[in-house]
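S.K.: Sequence:
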Amino acid sequence: PDFQGGMGFQEKYLVSDYSRVSIEGFRSFLVARFVTVGALNTALGSDYPAFAAVEPPSKDIRSQPLTRYTEHIDSYAHGSLPISGWLHGPTQPQSGRWIRVYRNGDFLARVPVNLSRQDVHEAHPEFGTADVGWRFDLNFSALPPGVHRLDVILDGPADRWVHLGTRYVSVMERSQATPRALPQKDLPPTVAPDASLLWSVDLPVDQSSYYFNPLVPLWHEFRGSQVVSYLRHFDQRVRRSCLANVDTYIHQITPFTNPSWDANKFAVDASLQPLAGIHLGVSLYGEPTYGTSFFDWYTRSKHQTYGITEFHPLRAMSLDEARLMFEHHRTGGAQFLSFFLKTQKLQGVPSGAAYQFAFDPDNPKFSSDHLYKTVKTLVNE
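Note that the sequence shown covers residues 3 to 383 in the numbering used here.
Hints in this document: simulated from the structure, not taken from any laboratory. No false leads were mixed into what you were given.
With a straight-line Cα cutoff of 25 Å, these simulated DSS-like cross-link-like pairs (lysine-lysine) come out:
| # | residue 1 | residue 2 |
| --- | --- | --- |
| 1 | Lys61 | Lys14 |
| 2 | Lys367 | Lys378 |
| 3 | Lys304 | Lys267 |
| 4 | Lys375 | Lys344 |
| 5 | Lys344 | Lys378 |
| 6 | Lys14 | Lys267 |
| 7 | Lys367 | Lys344 |
| 8 | Lys267 | Lys61 |
This structure is a prediction, so every number in the text was calculated from the model and none was measured.
Hey, can you work out the whole structure from these sequences and the hints?
M.R.: Here it is as structure tokens:
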């Protein structure tokens, strides 16, 4: 439900399949992984009498009574906390900007401001084509329980680091005991942001709490294996058909390139890895079409080639920019590229919200008409 909004972190956590078949499949997955229930209990810090007693995580400890702690799940229970936001400064170059993240005064990471935030652009069309998003995922699974201070700083000249915000978050114990304050170190010198800078630290929410449940990463891994099995089922059907010798591609998205999405909800990490006999096919929208986020992942993967099942940069591009973008994909291993098309022949079929992405000379949304004209010019060169 509510695909675009429901993929974020703030909504009620709705994922996957809790049918009896799925639950039994998860238990079999755990048996194969741990062999004995004793080994499972050692890994989880639990006291299950048998694998048959394991229930997949499905409840929120904040609002629902739990029979066991390992029933807890939310967007963060697998042990990762996104620290993310956006930044735009019209008086300074947008490219080459970096965000520094600190925990309790200790430096954690330096991340680039280079990700698409279509929601921000819709609210601030005056930003133009700049990619304003940034994100760092903090692994809190092994952090000491207590109240941690997170600080976000805009990098710059040594005497011009800009402090953008502080968030206090609590890493909780299973007992839900009141978290204690933790020792803090001083931050490096910073200055306040000037009026030309617009920004938001979207996550985490100040004074929020986080519980790590070691069963959740296993549940996510199992869900990923379900997606792979689902794809293999259809691939096997194709292999028994007249299309047996035709190259087969999955039609998948890369949620990790959208900084405001919870990638775990999609359970696609396993299916994005090489699958024997099935080629990688991905849909790319926004920055992944012309930026670095997709290629950063792709170069780390073991894929040699890929196909682009849907393609849209979501902004107007010059001929030179578009030519460079397409060439980057061609030399990077793309075997084909396809657009989201709207047929004019299906009478009585509503176009729906998806038409806003249609590759059409009469569709002004997201500069789709400009993209059409640009591609038409390039293919006729």
